[in-house]
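Visitor: Given chain A's structure and the hints, the job is docking chain B onto it.
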Amino acid sequence: MMYATIERIGETSIRTARSFYETLAFSSLVFFKMFDRTSYNSAMRMVLVNQIYFTSVQVLPLFIAVSILFGSPMVGITLQVLKHFGLADRMGSVLMGFIVTELSPFMTVLLIALRSSSAINAEIAVMKVNRELKTLDVFGIDVLDYLFLPRIINGILSIVCLSSLFSILALASGALFSRFLFDLGINEYTNLLFLSADFSDLFILLVKCILLGFFITLIPIRFGLRATDELTSIPVSVLNGMVKVFIAIVIIEVLSLLLRFL
Amino acid sequence: MKISRSISTNFKVGLFLSITALMMILFLSHMAYKKGLFEAEHTFTLSSKTGEDLAEGMPIHFAGFRIGRVDQMELNDQGVVIIQIKVPRRHVKWIRTNSVFSLYKPLIGSPRLIVSTENLASPILPEDKVLELVVVNDINEAIKQLTPIIEKVGQIVSHIETITGNLANPKGSVNMILRNAEQVTANFTDKKSIAEMALGDPETVKSLHESVKKIRDILVKLDDMAGKTDVELYGKDGVLPLVRSILSDVLAKLIKLNTALDNVTKVTSDAAASTKDLHLLRKDIDATIQSIGRTVEDLDRIVPLKKEREIKLP
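Just so you know, the protein sequences line up as chains A and B, in that order. Count the first sequence with our numbering and you get residues 996 to 1257, in order. Count the second sequence with our numbering and you get residues 819 to 1132, in order.
Simulated from the structure, these hints should not be mistaken for lab results. As the structure is a computational prediction, the values presented were derived from the model and not from experiment. Any given hint could turn out to be false.
As the list claims (entries may be wrong) - Cross-link-like lysine to any residue pairs, in silico, SDA-like; alpha carbons within 20 Å at most:
(1) B:852 / A:1085
(2) B:853 / A:1182
(3) B:852 / A:1193
(4) B:923 / A:1083
(5) B:852 / A:1189
(6) B:852 / A:1037
(7) B:852 / A:1197
(8) B:830 / A:1048
(9) B:923 / A:1085
(10) B:830 / A:1037
(11) A:1078 / B:884
(12) B:852 / A:1186
(13) B:852 / A:1194
(14) B:923 / A:1080
(15) B:830 / A:1080
(16) A:1078 / B:924
(17) B:853 / A:1195
(18) B:853 / A:1193
(19) B:852 / A:1183
(20) B:852 / A:1053
(21) A:1078 / B:883
(22) B:904 / A:1194
(23) A:1078 / B:929
(24) B:830 / A:1123
(25) B:830 / A:1052
(26) B:852 / A:1163
(27) B:830 / A:1058
Bound-form chain A, shown alone:
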């Protein structure tokens, strides 16, 4: 009994370590491919454009509505609390730190992970089961260039663009919200916001968005490739992939918080 338990712990640890190593190895391979000019052929660009369209453009009306509906009350409430405690001069740093650095990438990554990461995972798993990946390989098409790289670059671009859009829309709608509800002038609002804001916050936001975009598309691809020849392996691969995506989001959030406050 004891022996079996220890054996199971050892097996799980080795499997986790191997999975982590394989993900890192795959990440480094994709990372170097991203800086290879030959990767960017016309077929890859076409897939990239389509991926951006499906991930970002199609979701735009919903995303704009969510940004305004969620962002403006959040900005208003934050302002009210800060004014109540006499910390209005810290408004810029709090809004930039909370809305821009934390809330906007989190909301964006949540939407993209739920909508696109799961789709990418299922798509790659289906292609694996249907042996489409093997077929592409037989025809001499590099699946890394044609399938994986556009999706990962799309993930990075979409998260960066949509996070920025969320921040700008939330702050802009928050300005209007504050103007009508708290009688805070637009000029006063922008002065408070920009004067106490820090460029380092925006740099952290950029790095965080790149990492989130990279991993929430790379992990589903990795787990899609793990599917076997059986159709029943598709939901299992999606399930495992999405759990790992969630873990990756948490790790990146924690690391960014540590980077900001340490």
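Guide: Chain B in isolation, oriented as in the chain A frame:
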């Protein structure tokens, strides 16, 4: 059809990326402009004995407006902290030779540097001149103002202790007052009037009332009988013997009353002493209450923690 759809997709994606990039650039540029990154800056130097609560990037305020920031800080060979501040060109006019730089540490919120200039007609501060930083500490000021109040509070507490000690002591003046008061009130509740309380007998009081009434009647009769005969006056059943008898009765009763009144006087003098004590005690309590009231007002003035009143609309 396929080509037009492809163009449409490309256009939409291109438009999305372009607009987002443009918004990001505008946002960053506006932020850089507001932070004065595109503006020429003047550097002024301040000195301070300590770098505590000072930080690079700390804002500098003039009349409530941010006019600059702390750029660099370093400790020189003499152990003095040298602070370099950057002020955009358009705000240099607020910094004159008679300007005072103070580090303001509020009770709540982060510390900030405040510039105050008495005479704006003075020459502009040269960049090579080093001004000393003055520290304004809200917490220390508050403690300084609170110290006498805390002493007062101590005195009040000792007074209250004396009063409560007196109350607790069975032989103390307060308990004596209470005993006397109890006695007096018991007398008041048992008897119907002061006379009854003094004489101690309701029947005697009744007869005293009757005698007084009789005297009043006799006086009326005396008026009426002026000029009547000696017999009527001095006879066995005459007025004078009757008057004498009544007056003797009244005298006896008055002597009894006098003794009783002596007792009343004694009791009332005890009561008076007691009320004197009570008065002093009352004065002590009043003074204590007033002192506490003043202390609370002082505390409210120094530590304005009271929430602003809200006007509730129906």
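Visitor: All hints are to be evaluated individually against the structure, with a verdict given for each.
Guide: Evaluation of the provided hints:
Taken as a hint, the residue 852 of chain B and residue 1085 of chain A pair is honoured in the structure, with Cα atoms around 16 Å apart against an allowance of 20 Å. Pair hint residue 853 of chain B plus residue 1182 of chain A holds up; C-alpha atoms about 14 Å apart against a cutoff of 20 Å. Taking the CA atoms of residue 852 of chain B and residue 1193 of chain A, the gap is near 12 Å; set against the 20 Å cutoff, the hint holds. With a C-alpha separation of about 16 Å, the suggested pair residue 923 of chain B and residue 1083 of chain A falls inside the 20 Å cut-off, and the hint holds.
Proposed proximity of residue 852 of chain B and residue 1189 of chain A is supported: the alpha carbons are some 6 Å apart, at most 20 Å. For the hint pairing residue 852 of chain B with residue 1037 of chain A, the CA-to-CA distance comes to about 42 Å; that exceeds 20 Å, so the pair is violated. Note on residue 852 of chain B and residue 1197 of chain A: the hinted pairing holds, with a Cα-Cα distance of about 16 Å set against a maximum of 20 Å. With a C-alpha separation of about 7 Å, the suggested pairing of residue 830 of chain B with residue 1048 of chain A holds against the 20 Å cut-off.
Restraint check for residue 923 of chain B and residue 1085 of chain A: satisfied, since their Cα atoms lie roughly 15 Å apart, inside the 20 Å limit. Proximity of residue 830 of chain B to residue 1037 of chain A is assessed by CA-CA distance (about 18 Å); at most 20 Å being required, the pair is judged to hold. About 18 Å separates the Cα atoms of residue 1078 of chain A and residue 884 of chain B, which keeps this hinted pair within 20 Å; it holds. A hinted pair counts as satisfied when its Cα atoms are at most 20 Å apart, and residue 852 of chain B with residue 1186 of chain A qualifies at roughly 7 Å.
Among the hinted pairs, residue 852 of chain B with residue 1194 of chain A is consistent with the structure: their alpha-carbon atoms are about 12 Å apart, no more than 20 Å. Taken as a hint, the residue 923 of chain B and residue 1080 of chain A pair is honoured in the structure, with Cα atoms around 16 Å apart against an allowance of 20 Å. Between the alpha carbons of residue 830 of chain B and residue 1080 of chain A the distance comes to roughly 45 Å, so the proposed pair goes past 20 Å and is violated. Distance check on the hinted pair: residue 1078 of chain A and residue 924 of chain B sit about 15 Å apart at the alpha-carbon level, within 20 Å; holds.
At roughly 14 Å between alpha-carbon atoms, residue 853 of chain B and residue 1195 of chain A fall within 20 Å of each other, so this suggested pair holds. A C-alpha spacing of about 10 Å is found between residue 853 of chain B and residue 1193 of chain A, which places the hinted pair at or below 20 Å, so the restraint holds. Only pairs whose Cα atoms come within 20 Å are accepted, and residue 852 of chain B paired with residue 1183 of chain A is accepted, the gap being roughly 12 Å. The suggested pairing of residue 852 of chain B with residue 1053 of chain A is violated, with an alpha-carbon distance near 35 Å, which exceeds 20 Å.
Only pairs whose Cα atoms come within 20 Å are accepted, and residue 1078 of chain A paired with residue 883 of chain B is accepted, the gap being roughly 17 Å. Annotation: proposed proximity of residue 904 of chain B to residue 1194 of chain A holds, straight-line Cα distance about 18 Å (limit 20 Å). At roughly 17 Å between alpha-carbon atoms, residue 1078 of chain A and residue 929 of chain B fall within 20 Å of each other, so this suggested pair holds. A distance of roughly 31 Å separates the Cα atoms of residue 830 of chain B and residue 1123 of chain A; the hinted pair therefore is violated under the 20 Å criterion.
Straight-line distance between C-alpha atoms of residue 830 of chain B and residue 1052 of chain A comes to about 7 Å, which keeps the hinted pair within the 20 Å bound. A threshold of 20 Å between alpha carbons decides the hint, and for residue 852 of chain B with residue 1163 of chain A the separation of about 16 Å falls inside it, so the pair holds. Only pairs whose Cα atoms come within 20 Å are accepted, and residue 830 of chain B paired with residue 1058 of chain A is accepted, the gap being roughly 16 Å.
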